[in-house]
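Peer 1: Build out the structure end to end from the sequences listed, making use of the hints.
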Amino acid sequence: MGVQSPRSKVQSQPRSSAPPRKRALPDLDRVIHERMRLAIVSTLAANSPLSFNELKAVLGATDGNLSVHARRLEEAGYLACSKSFEGRVPKTEYRLTPEGRRAFEKYLGHLEALVRTARKP
Amino acid sequence: MEKPTLQAVPGEPRALGSQAIDNLRFIRETMERASSFTAVPGWGGVAMGASALLAAGLSLLARTPEEWLGIWLAEAFLAVAIGVWAITRKARRANIPLFAGPARRFLLTLSAPLAAGALATLALQRAGQMQFLPGLWLLFYGTAVVTGGAFAVRIVPVMGLGFMLLGTIALFAPQSWGTAFLAAGFGGLQIVFGVLIAKRYGG
Chain A
1 MGVQSPRSKV QSQPRSSAPP RKRALPDLDR VIHERMRLAI VSTLAANSPL SFNELKAVLG
61 ATDGNLSVHA RRLEEAGYLA CSKSFEGRVP KTEYRLTPEG RRAFEKYLGH LEALVRTARK
121 P
Chain B
1 MEKPTLQAVP GEPRALGSQA IDNLRFIRET MERASSFTAV PGWGGVAMGA SALLAAGLSL
61 LARTPEEWLG IWLAEAFLAV AIGVWAITRK ARRANIPLFA GPARRFLLTL SAPLAAGALA
121 TLALQRAGQM QFLPGLWLLF YGTAVVTGGA FAVRIVPVMG LGFMLLGTIA LFAPQSWGTA
181 FLAAGFGGLQ IVFGVLIAKR YGG
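Protein chains in written order, with this note's numbering: chain A, 1 to 121; chain B, 1 to 203.
Read the hints as simulated data drawn from the structure, not as lab findings. None of the values given here were measured: they were computed from a predicted structure.
In silico DMTMM-like links for lysine to aspartate or glutamate, alpha-carbon gap of 20 Å or less:
hint, chain 1, residue 1, chain 2, residue 2
1, B, LYS199, A, ASP63
2, A, LYS120, B, ASP22
3, B, LYS199, A, GLU86
4, A, LYS106, A, GLU34
5, A, LYS56, B, GLU29
6, A, LYS56, B, GLU32
7, B, LYS199, A, GLU93
8, A, LYS106, B, ASP22
9, A, LYS91, A, GLU74
10, A, LYS106, A, GLU75
11, A, LYS106, B, GLU29
Peer 2: Take a look at the structure:
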């Protein structure tokens, strides 16, 4: 899975240097747009809650990469994380918050709008 | 916290569009993976394996081939019931709609090779060639798991291949080993992979 693929143009473009637009294009949610975070959100949208280890297995991610991006999503309020103990083993469970699901749906809507715009003659 | 309001690059709409399509495809694939992840039950597999070991023990006591076949047919129904129950339970726990998602696809793709296996069983029984049944059953079940698990986590098709391999060996092994092969496959392999799936992929 292309989780580690290079950041896309859309994201790396600084906001201020954007030239004036000819046609109204939707704003992409930067928090979700990053590949790893998009993978996390998509995964949890399909299957929630998942433990840290389950997420890691589905995404094929490393501990560090996953926790950095999960924290970023948590800070944005898109992810809720609950820590508990299963016997003596600490278990971290992630789920999408209602806010996160709305943001994901909005992001999908934006992508669809981009596709529609591109298809206009 | 930075505001999620980055503007899309107002460049070529066509390039943006294909990028958006790529992203949508990525999302769809990720979501499919995520839900197949929980479609295949691990502990359910262990229960199926245990029931197969029981059936193997019982079938050694059978006095006629018909009795032997009857025991294994009963086991097949029992295993299917356990499997469907386990898939339902796992899908419900993960909030996946059973009849719309990967769980449904897994059940549907699983059922075609299994139906073929049932027909082959009928034909071989009528032809009096029951010595081929253990090998064929393992082979058909393996095929079902490989195709059903094609989109699931990799361990599922690997398990299917294990069954196919065992079935192939059983087809060319001495007839008297048939029950032992069934025990090794539907009991042993099923339990080992069931535990692995349950440990790694949530139940």
